[in-house]
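Quick mapping for you: the protein sequence lines, in order, are chains C and Z.
Count the first sequence with the UniProt record's numbering and you get residues 1 to 122, in order.
Count the second sequence with the UniProt record's numbering and you get residues 1 to 600, in order.
It should be emphasised that the hints constitute simulated quantities derived from the structure, not laboratory data.
There's no promise every hint is true.
What the hints assert, rightly or not - Cross-link-like lysine-lysine pairs, in silico, DSS-like; alpha carbons within 25 Å at most:
id: 1; chain 1: C; residue 1: LYS99; chain 2: C; residue 2: LYS47
id: 2; chain 1: C; residue 1: LYS73; chain 2: Z; residue 2: LYS87
id: 3; chain 1: C; residue 1: LYS16; chain 2: C; residue 2: LYS2
id: 4; chain 1: Z; residue 1: LYS147; chain 2: C; residue 2: LYS13
id: 5; chain 1: Z; residue 1: LYS274; chain 2: C; residue 2: LYS8
id: 6; chain 1: Z; residue 1: LYS44; chain 2: C; residue 2: LYS19
id: 7; chain 1: C; residue 1: LYS20; chain 2: Z; residue 2: LYS468
id: 8; chain 1: C; residue 1: LYS19; chain 2: Z; residue 2: LYS483
id: 9; chain 1: Z; residue 1: LYS459; chain 2: Z; residue 2: LYS483
id: 10; chain 1: Z; residue 1: LYS87; chain 2: C; residue 2: LYS19
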Amino acid sequence: MKSLAELKELRNKVQKEMKKRDQGTRAEIIVGMGTCGIAAGARDILKAVLAEVEKRDLDVRVTQTGCIGMCEKEPLIDVKLPGKERITYGNLSEADVQKIITEHVVNGNIVSDLVIARHKSE
Amino acid sequence: MKDSIYRSHVLICTGTGCVSSGAKTLKESLEEELAANDLSGEIKIVETGCHGFCEKGPIMIVYPEGVFYCEVQAEDVEEIVEEHLLKGRTVERLLFKEPMTEEQIPSYQDIDFYKKQQRIALANCGKIDPEDINEYIALGGYEAAGKVLTEMEPQEVVDTIKDSGLRGRGGGGFPTGLKWQFAKNSESDKKYVICNADEGDPGAFMDRSILEGDPHRIIEGMLVGAYAIGADEGYVYVRAEYPLAIKRLEKAIEDAEEYGLLGEDIFSSGFDFKLHIKKGAGAFVCGEETALMNSIEGKRGMPTPRPPYPAVRGLWGKPTNINNVETYANIPYIINEGAENFSAIGTEGSSGTKVFALTGKINNTGLVEVPMGTTLREVIFEIGGGLGNGKKFKAVQTGGPSGGCLPEDYLDLPIDYDSLLDAGTMMGSGGMVVMDEDSCMVDVARFFLNFTQSESCGKCTPCREGTKRMLEILNRITDGEGKDGDIELLLELGEHIKSTSLCGLGQSAPNPVLSTIRYFRDEYEAHIHDSDCPAGVCTELASAYVIDEEACIGCGKCAKVCPVDAISGEIKNPFTIDPEVCIACGACEPECPVDAISQG
Numbered sequence: 001m002k003s004l005a006e007l008k009e010l011r012n013k014v015q016k017e018m019k020k021r022d023q024g025t026r027a028e029i030i031v032g033m034g035t036c037g038i039a040a041g042a043r044d045i046l047k048a049v050l051a052e053v054e055k056r057d058l059d060v061r062v063t064q065t066g067c068i069g070m071c072e073k074e075p076l077i078d079v080k081l082p083g084k085e086r087i088t089y090g091n092l093s094e095a096d097v098q099k100i101i102t103e104h105v106v107n108g109n110i111v112s113d114l115v116i117a118r119h120k121s122e
Numbered sequence: 001m002k003d004s005i006y007r008s009h010v011l012i013c014t015g016t017g018c019v020s021s022g023a024k025t026l027k028e029s030l031e032e033e034l035a036a037n038d039l040s041g042e043i044k045i046v047e048t049g050c051h052g053f054c055e056k057g058p059i060m061i062v063y064p065e066g067v068f069y070c071e072v073q074a075e076d077v078e079e080i081v082e083e084h085l086l087k088g089r090t091v092e093r094l095l096f097k098e099p100m101t102e103e104q105i106p107s108y109q110d111i112d113f114y115k116k117q118q119r120i121a122l123a124n125c126g127k128i129d130p131e132d133i134n135e136y137i138a139l140g141g142y143e144a145a146g147k148v149l150t151e152m153e154p155q156e157v158v159d160t161i162k163d164s165g166l167r168g169r170g171g172g173g174f175p176t177g178l179k180w181q182f183a184k185n186s187e188s189d190k191k192y193v194i195c196n197a198d199e200g201d202p203g204a205f206m207d208r209s210i211l212e213g214d215p216h217r218i219i220e221g222m223l224v225g226a227y228a229i230g231a232d233e234g235y236v237y238v239r240a241e242y243p244l245a246i247k248r249l250e251k252a253i254e255d256a257e258e259y260g261l262l263g264e265d266i267f268s269s270g271f272d273f274k275l276h277i278k279k280g281a282g283a284f285v286c287g288e289e290t291a292l293m294n295s296i297e298g299k300r301g302m303p304t305p306r307p308p309y310p311a312v313r314g315l316w317g318k319p320t321n322i323n324n325v326e327t328y329a330n331i332p333y334i335i336n337e338g339a340e341n342f343s344a345i346g347t348e349g350s351s352g353t354k355v356f357a358l359t360g361k362i363n364n365t366g367l368v369e370v371p372m373g374t375t376l377r378e379v380i381f382e383i384g385g386g387l388g389n390g391k392k393f394k395a396v397q398t399g400g401p402s403g404g405c406l407p408e409d410y411l412d413l414p415i416d417y418d419s420l421l422d423a424g425t426m427m428g429s430g431g432m433v434v435m436d437e438d439s440c441m442v443d444v445a446r447f448f449l450n451f452t453q454s455e456s457c458g459k460c461t462p463c464r465e466g467t468k469r470m471l472e473i474l475n476r477i478t479d480g481e482g483k484d485g486d487i488e489l490l491l492e493l494g495e496h497i498k499s500t501s502l503c504g505l506g507q508s509a510p511n512p513v514l515s516t517i518r519y520f521r522d523e524y525e526a527h528i529h530d531s532d533c534p535a536g537v538c539t540e541l542a543s544a545y546v547i548d549e550e551a552c553i554g555c556g557k558c559a560k561v562c563p564v565d566a567i568s569g570e571i572k573n574p575f576t577i578d579p580e581v582c583i584a585c586g587a588c589e590p591e592c593p594v595d596a597i598s599q600g
């Protein structure tokens, strides 16, 4: 280690992964992973979400949830931006995931044609 | 970096406590289960150090949700993977339950045991992979060392530590900054720093947990200390009974060397520092600084008179600074956050936090770190969850075998170095043993003295002979052969041993006896004058059990459990206990379906 700057540079590089263990408030993408979701292809949706988050280097928490009762609309994902209402999107394809992340997660614009439910913020 | 595509981190505690309750097999089955579900690329398993809650181990935390599972076994893995990692549903049966309310708590920040703690020395323990230097750096590691080496003069560093009010966490409580100043003031071509990790108090394991869970923090603390006093070489003296701590520290030193954080010209500052590990053979007296240095030099681990203090003439005759593991663990925080922010925590004379090893007859045992000035009641009843089985609190022993016992009246005592000394006990390394009404205080004193007596190195007479005589008297008392004047003799011997012994071992060895006489003299008197052990622990004194013939239904269950065959009788007729044979162990009492057995 040659300087404090070098140490800080290394810190920035290695810090990203540790954010997974940060409990602070940030955007959340929740993938429906009940049996119904998995049967409708939720695993591929989850992988697409992860790949997109990685590609764009986003600070987002990706979690899963069980069946919410709208099995026929699976695969579903929810997007919850800090302080905003939670939006549920349904009948998704991998291409939709890309669109939702670009439009909603990054730019804050809800992709209306894919929305199937809105929840008041908790 | 392939790493960053993981969507979830599963942290498994692999401290010594959790390993002994099955963490290694747990990790292996989790690896297999993840692979079987094609999740290996999405979920990262991280081995961490101790969370302090060893009683509930093995402990697993799943991020990003931060769900805290306890007592997880390999059989639970399939359900965790299927339910939680795949479907996102918390496995409720593995959550922690508050002992008092039975309430299930999913997130560990909300558990009383953790909620009331403030973690500085243990900040990273259980949060990071101790074998990955990058994780330490990601949380700001080595920035304190970088700042000190490149931006501060040695005297500024010493002054910062002085201003922080940090006192030695190993037992004595000597101001750390002052110790550094003495070592800095000594002129010499060569100086050393030593980390005392010869943790020997029965039940205390904070030093081991820090070394296992966050070894880089110790290296960083020593680096700062070495720069401040002008040392270029250091030793960590750690007992060979701590193999995992040694392994992780070795790895940490290697990685730090590779990153140029140890070695020559660190941070291009021209400062060199080399660090070695010295394994001790586990003698209690080697925790004493002069004995420890003798042991490093290859001599017998025996203390030598001070002065000269190590700061003047220490290891190999050179000025040396010795601090305890927990003391060094506080250094990076003080440098990063500033002396003022550190001294704002705790009490006026004792700043910062202290780690306690909470054990005994208590619901939540484990390692806890609280600000100085927290009361015993808060630690025992709020963090510790109170006593088990509805028993009544009787005493708490602090400071390990060199400390003393405090009764219920002292529960609201704010814990700091000085308040404990005033009450006749000490901070010590932070052992805290809680005792309930079933504990005999004479027996407790005998237990601790037995430990220090057998660990006495034998160099000075007061400690070698004095503790032996005291132990003989205590053995006599617990055997029912106590005499008039025994208490006075114990007091006199105790005071003499304290004031004339060569080192801290002898100077503190009588404490358990003196403090129990001070607060529980009636128990000593009952043993001596009434041949009675009020708690029923000293079997020689306990009276035999008797069977109430009227109530006995002659089932014979009692006779089956008697270890000495003192109970006889015929089925359906009243049984009897032979008082000559009965050892008053009490095994028969709970067996009786009609409560016909009692102590006579």
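Going through the hints against the structure:
no., hint, verdict
1, LYS99(C) with LYS47(C), "15 Å, holds"
2, LYS73(C) with LYS87(Z), "17 Å, holds"
3, LYS16(C) with LYS2(C), "23 Å, holds"
4, LYS147(Z) with LYS13(C), "19 Å, holds"
5, LYS274(Z) with LYS8(C), "23 Å, holds"
6, LYS44(Z) with LYS19(C), "13 Å, holds"
7, LYS20(C) with LYS468(Z), "57 Å, violated"
8, LYS19(C) with LYS483(Z), "67 Å, violated"
9, LYS459(Z) with LYS483(Z), "30 Å, violated"
10, LYS87(Z) with LYS19(C), "22 Å, holds"
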